[in-house]
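If you read the protein sequences in the order shown, they are chains W and U. Take the first sequence: its letters are residues 1 to 244, numbered as in my numbering. Take the second sequence: its letters are residues 1001 to 1244, numbered as in my numbering.
Since the hints were derived computationally from the structure, they do not count as laboratory data. Glycine residues also receive a C-beta, built at the ideal position from the N, C-alpha and C atoms. Wrong hints could be hidden among the right ones.
Label-pair distances were calculated between CB atoms; the ranges are [said to hold, decoys possible]:
(1) W:K10 - U:D1197: 29 to 35 Å
(2) W:G195 - U:D1117: 19 to 25 Å
(3) U:E1043 - W:E228: 36 to 42 Å
(4) U:K1083 - W:N207: 28 to 34 Å
(5) U:K1240 - W:K200: 30 to 36 Å
There are 2 protein chains.
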Amino acid sequence: MKIGFIGFGKVARNLVRLINSENITFLTSAQNRSENTIKNMEESDVEILDTFKEVATLSDILISANSPNQALDVAVKYGKYSKGIYMDLNNISPKETLEINKHVNNFVDGAIIGKIDSANPILYLSGKNLESLDFLNDFLEIRKISENPGDASKLKLLRSMYTKSLSAVLIESSEVAKNLNLEEEFFDILSLTEGEDFKKSALSRINNTKNSKKRKAEELEQIIDYFENQDLTMVKASFKKLNR
Amino acid sequence: MKIGFIGFGKVARNLVRLINSENITFLTSAQNRSENTIKNMEESDVEILDTFKEVATLSDILISANSPNQALDVAVKYGKYSKGIYMDLNNISPKETLEINKHVNNFVDGAIIGKIDSANPILYLSGKNLESLDFLNDFLEIRKISENPGDASKLKLLRSMYTKSLSAVLIESSEVAKNLNLEEEFFDILSLTEGEDFKKSALSRINNTKNSKKRKAEELEQIIDYFENQDLTMVKASFKKLNR
Chain W
1 MKIGFIGFGK
11 VARNLVRLIN
21 SENITFLTSA
31 QNRSENTIKN
41 MEESDVEILD
51 TFKEVATLSD
61 ILISANSPNQ
71 ALDVAVKYGK
81 YSKGIYMDLN
91 NISPKETLEI
101 NKHVNNFVDG
111 AIIGKIDSAN
121 PILYLSGKNL
131 ESLDFLNDFL
141 EIRKISENPG
151 DASKLKLLRS
161 MYTKSLSAVL
171 IESSEVAKNL
181 NLEEEFFDIL
191 SLTEGEDFKK
201 SALSRINNTK
211 NSKKRKAEEL
221 EQIIDYFENQ
231 DLTMVKASFK
241 KLNR
Chain U
1001 MKIGFIGFGK
1011 VARNLVRLIN
1021 SENITFLTSA
1031 QNRSENTIKN
1041 MEESDVEILD
1051 TFKEVATLSD
1061 ILISANSPNQ
1071 ALDVAVKYGK
1081 YSKGIYMDLN
1091 NISPKETLEI
1101 NKHVNNFVDG
1111 AIIGKIDSAN
1121 PILYLSGKNL
1131 ESLDFLNDFL
1141 EIRKISENPG
1151 DASKLKLLRS
1161 MYTKSLSAVL
1171 IESSEVAKNL
1181 NLEEEFFDIL
1191 SLTEGEDFKK
1201 SALSRINNTK
1211 NSKKRKAEEL
1221 EQIIDYFENQ
1231 DLTMVKASFK
1241 KLNR
């Protein structure tokens, strides 16, 4: 079996590391790639072809793992050459997955949860014929959500909606606690019910969010935009909070 | 040592159960008490005096554990007879604790975290001379916050601010997930990072909050009222959300 990559960054590199089998050949191309990316390819167990068109044509599974803003272009350009499964692993919106679905055959929408460079990332998948991807379970945990392309990225948005709103709540309540000179006690009292790790995980969420406030606010804006018909009182408040 | 109770409900009954020592006598009175409360007294290891005035006069530690709306009345009426510590364990606001502090000597503000009828409730205390209460540590966990009466109830409000906002976030995100037919997957994907118990605890918070929406909204209103000078974007959104 041949698995081809369009884009060879962190995701591709780690999938090659995880999916370690004699029966699988990985393909990619150095066409228009940066020196750094080519170095990554050369250090990985992957066959480097001249063009991405060849990669697309020869692959049983073609994986697009670039940057979100290139995802649609790549699909339009190479999707038509792919006869097998076309899997998008870019962090894109559900709307974009549906757009991509129009340009490729056998589309599968994937979302990686957890760190891809960890020992146990989980791959959420939605799309038709997912059973043909069951073999991946030998190498990393996969969860099949549904036959509908877009469900994996919807789920990723839902997760992001929860975690970002939670961070906004943590920022607000810990700041009030700090202003009352009761910050330590605040973490301490909540650890009793929320678990021993509460303080550590709360501070990590707070710092993480504060350090990339603008990006998190943009992501919340995308959620508000995509789920426009839902009651988003808390998400909107979180956006307001982070956008200060 | 004598510990007196004004009010003999669940809190008093359980403190008598927990603080089990030959050196301690518990006092209370049946004055104007309901049949049910008198039955509780009779089933507990407590001496029943004729009046609460006597209880207040004789106690080294006088504990007010009534209902929040009686807390101030009790303090005004009996605080003047108490020579030892006057501990308020009613679920009252920081403003009320400061009001009570004007009417009693040696005021200690207490907040019980966890279920008082469990094996290990924790008693948060603020006020002067807390070292005279160290002996309580032999019977239940106590945490001394500060010398300032009101800090224990402030801390309770901060805790409530966090947990209620979190519930509002959970209600909102799980409802959007449900509308997208991805509710199970939503809980599943969050369990990966939030811990195995996520679904169970999330559903318990959601149901709990929905079943007493009006009361929770009122409590949020009190928080908004008390912390009026703080940034309460998320708390205000939670109030709006629950007040629907």
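Hints, one by one, checked against the model:
no., hint, in the structure
1, W:K10 - U:D1197: 29 to 35 Å, "holds (31 Å)"
2, W:G195 - U:D1117: 19 to 25 Å, "holds (22 Å)"
3, U:E1043 - W:E228: 36 to 42 Å, "violated (59 Å)"
4, U:K1083 - W:N207: 28 to 34 Å, "violated (50 Å)"
5, U:K1240 - W:K200: 30 to 36 Å, "holds (31 Å)"
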